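Take each chain as given, in its own frame, and dock them per the hints.
Residue numbers (the numbering used here), protein chains in the order written: chain A, 1 to 521; chain B, 1 to 57.
Calculated directly from the structure, the hints in this document are not laboratory data. You may find that some hints are simply not true.
[Claimed, not checked] Simulated coverage check for chain A against chain B, where a stretch passes if three residues somewhere in it have a Cβ under 8 angstroms from a Cβ of chain B:
(1) 69-78
(2) 203-217
(3) 454-460
[Stated by the list, open to error] The calculated EDC-like cross-link candidates involving lysine to aspartate or glutamate, where the alpha carbons are at most 16 angstroms apart (straight line), are:
(4) A/Lys105 <-> A/Asp33
(5) A/Lys436 <-> A/Glu509
(6) A/Lys278 <-> A/Asp33
(7) A/Lys278 <-> A/Glu32
(8) A/Lys281 <-> B/Glu33
(9) B/Lys36 <-> A/Glu280
Computed from a predicted model, the values in this text were never measured in an experiment. Even for Gly, the Cβ is constructed at its ideal location relative to N, Cα and C.
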Amino acid sequence: MDVLFFAIFMALFAGVFAFLGYLGYKKTKTAEDYYVAGRKMGPIVIAFSYGATFISAVALIGFSGISSVYGHSLLWLAFLNIFVGILIAFIFYGFRTRKMGLSLKALTLPELLGNRFNSTKLQATSGLIIAVFMVFYTTAVFLAIATLFEVTFGIPYWICVVVFTIVVGLYLIVGGLYAVMWTHAIQGILMLIGMVILTIGIYMMLGGIGPAHEAASMLTQEDLTSMGWTSIPSGFTTLTSFPELFSPAYMLLLTLIFGVGIGVLAQPQLIVRYLSAKSEKALRRAIPYGGIFILLMTFTAFSIGPLSNVLMINNGLSYPGTPDKVVPLIVNELFPEWFVVLFLFAVLSAAMSTASALFHTAGASIGRDVFEKSLMKKCSEKKSLLITRIATLGIVFATLIISLNPPDVVAILTSFFFGLMACTFLAPYTLMLYWKKISRFGAWFGMLGGFIFTMGWYVLIYFKTAPELMGRSLTENYLINMLDPIFIGLPLSFILTIIFSFLIKQDNEEIKSMNLAFENI
Amino acid sequence: MALILGMDFFVFIAWIGTILAAIFCVIYGIYYEYIKKSNNDKDNSSKSINKNKKEVQ
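Chain B on its own, in the form it takes in the complex (with noise of 0.2 angstroms):
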């Protein structure tokens, strides 16, 4: 069988595997921290903004 970076396949997914899982943690971290936060931050100001104008009425 041929090898990739001197591995058989099925060792190899486990090599490329486990750094992809930790790449995916900094990505779900980045996510939660920059992304989400701001459709958190555009849902609030919008509520924020929609209870205001209930209190104009």
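Only chain A is shown next, with the shape it has when bound in the complex (with noise of 0.2 angstroms):
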């Protein structure tokens, strides 16, 4: 394949998407048009979303990577995405949130937070966090893509980067909410297809579930390094089996499984979904759709990753060097070549879509909740939108320059963004939404705290980041260094909310916020 159809393949695509970012614009009247496309969502369209936002091409490229080198054992995080994924995200949080939003008249989770506890400070400091670590996760989200771009068509990184933030931004900017969810909805289709028909095919070449298992769970470690492994994770055992208790392998899974799992019920990106839907039935009606959209992205992609390996060394295959070119590789070197142009649509479509969402929110976040309502404190509609469209475009631009020099491995990067908004934001917005005797300074120590030390250990202990960014961890013990700061923030996170809620109790105005939040609950 060559450049020239990489360029009708991208033209045909923006083509597509422009036309709905032009049917979004002819909508969008109101800032509620813009950021909850008017409230007005559908079961369908909410599903595809939620599931098109949440599983990137990092889920498809980057975690099917891991789970070749880490085996089935990753599919305890499938087991997580649509359990509390969807399951308890939707159920526990879906309906109240929706519910909350529409009495405080919140449109991102900066302004629910800054609502319900009377304070533009508190909306203004979570839009900042949010925006800021929202360009990280785009990047890594930009890096899985055009990796696999560099793969297949053999254009420059750099290319596909500019290409790819180019249509995106263009049709997010001028459409909304609106465009960003319609173009999920086809982008969502394209990626159950393309995951569908790629599962399938490998178990087919295996002969099936069992002995396609089975033949994941022959392969030794010899076996592995013939086939161009650098190194073999410490504690890895086979394939199919779990690794051993505590061992460094043991510790990455516990950190990607959790940090990821758990980390979905704050997604400020998720949780605008909710916001959006026309009423709790529509989000009540989305979990059946939601459910079997996740497990056909996720448990697929976790599953094939591990068959890989055996379909690697049956075809005579190396080794790509690095997890996140082994299913493009499988993709190019085993499937026919229509599949290969299909599997691209369904890459690009995963990757479009977690992009859109995050440019969206991080756009809302400096727009609305950082400008207009801490800075500008009252402006117009017409000019709220118009702010908020500009902080997009800074927010895409400052996406590309850091992906033109990006970090390393791509799904740790989705663990660090996840965690850390789990960390942050998980305490406040559980307990804002269901306990009536949570304060303002609660939930500013409960933020606050789970911010700083998920940062502080980040930079100064985590195994991947502090090296990085400091020469060293702080500890070599790698049972310290190895566990995701979410074991620990998200507890910290909880308590400090509880004890600052008890020990500094709410005033007249956060009470009658709290009165007004729980109106329709």
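This is how it looks when you write it as structure tokens:
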């Protein structure tokens, strides 16, 4: 495949999404339209948009690559993706978030926090944290998709990143959340088709589920090193069994599984999907669609990763060097050309859908939460939309600059973002929905306590980030330095929120906001 | 350790658990769409009957 094909392919994609962006622009009349699609979205669009935002190219390429190294144990993450990411998220968070968002007239997570605790400073600070770290997450998404295009077409990484950013930025800034969610529905369908065919194809090549898994379980460490694996993770057993308890491989899996699996509950870009629902019934109906969608995305991606090793050995292929390149290699070498094209559409869709949602949320955080609500106090709806569009453009540009010189491993960056958001926002967000006595100071201490602890852990201790940022980790004990901060930061954030809510109680204005928030619950 | 479908027990639990979680999502949807809905309808209709009775009295 050549550059001409890439150009036609991108033009087609850009054309369809630009058209949807135009339709979104026509429908976007108010700030509510831009931020939460007028709160008019139905179950299928919500489910596909939630799923397509949640499952990025990082999950399809990065995590299937990680599972090719750490084996089927990563299926625990697929389980949490459905059980926590869909069931608990929608049932225990979605319904209440929507009702509270309506009562408090909130359009973003920071605005929900700000209005609930009657604090624009809290709103602005949350918005700033979200916007800054979302840029890093989006970088991880770009890295995954650009790597795929580099492998497939031989097109330089930077060209892929630039083209991709322009396409997403265009339809997002023009069409707002309407365009984002409509494009998600189309992108979600493409992702489903691509992943289902890929999974069926791989299992058929290996003779079905049982024989495929048995073949993977029989690969020895010698087989894997002879194929080109440079190192075997310490504590690794086989591709279909769990690593040795508390070994480095076990600790890494624990980090990925819980960092992403629990972190999903406090993702601002996903919470917006609850706020966009036209009714509680629409959210309830979205659950089965969402469950099936995530099953066909993560369960398939994490299942085929380890099997790729069997296919590489059976077909005399060498390990491509990094986990991110394993699945693209299998697709390129063992599947017909039409499927390579389809798979590219699917992964590009996954990357675009997540990136557009992240840009939209980060732009809203800066535009609405920081500038409009905190710095400008009052402005017209027209001016509000303009500010957010300019802020989104700034976020897109910042991401582009960082993506051109990206940090190292894709999946770890995702885990970083999910864990950080969870430790910062999950405690005040959860308690805000269920506990009437939570106070503004409790929310501040819980949020900042979780944030500072997590950042400190990543900078000083965590084995992937501390050596890069500080030269080395403060401790060489892998049981500590491989532990995800979510295991300590999240309980700490809950404890701080509760303690300071008891110590510094709500004032009269907060009580009024609280009564308003629980008006429809 | 004996393997189930080529996976050890702990991995198999994750594998089957993921499928069951997705099935539960579907059952949840069916329950609220059809079964719970008909219960609500009954409740609503009985409420309206009571209301009508009160109005008659």
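For each hint, the structure was consulted:
1. Coverage of a stretch by a chain is defined here by at least three residues with a beta carbon nearer than 8 angstroms to that chain's beta carbons; for the segment 69-78 of chain A and chain B the count is 6, and the condition holds.
2. Given as covered by chain B, the segment 203-217 of chain A passes the check, having 9 residues with a CB less than 8 angstroms from a CB of that chain where 3 are the minimum.
3. Residues of the segment 454-460 of chain A with a Cβ under 8 angstroms from some Cβ of chain B number 0, which does not satisfy the need for three, so the listed coverage is violated.
4. Proximity of A/Lys105 to A/Asp33 is assessed by CA-CA distance (about 13 angstroms); at most 16 angstroms being required, the pair is judged to hold.
5. Distance restraint check for A/Lys436 and A/Glu509: the Cα-Cα separation of roughly 14 angstroms lies within the 16 angstroms cut-off, and the hinted pair is therefore satisfied.
6. A hinted pair counts as satisfied when its Cα atoms are at most 16 angstroms apart, and A/Lys278 with A/Asp33 qualifies at roughly 12 angstroms.
7. At most 16 angstroms may separate the alpha-carbon atoms for a hinted pair to count; A/Lys278 and A/Glu32 meet this at roughly 12 angstroms.
8. Restraint check for A/Lys281 and B/Glu33: satisfied, since their Cα atoms lie roughly 9 angstroms apart, inside the 16 angstroms limit.
9. Between B/Lys36 and A/Glu280, the direct Cα distance comes to roughly 14 angstroms. Compliance with the 16 angstroms bound is thereby established for this hinted pair.
Hint violations for this structure: number 3 only, all remaining hints satisfied.
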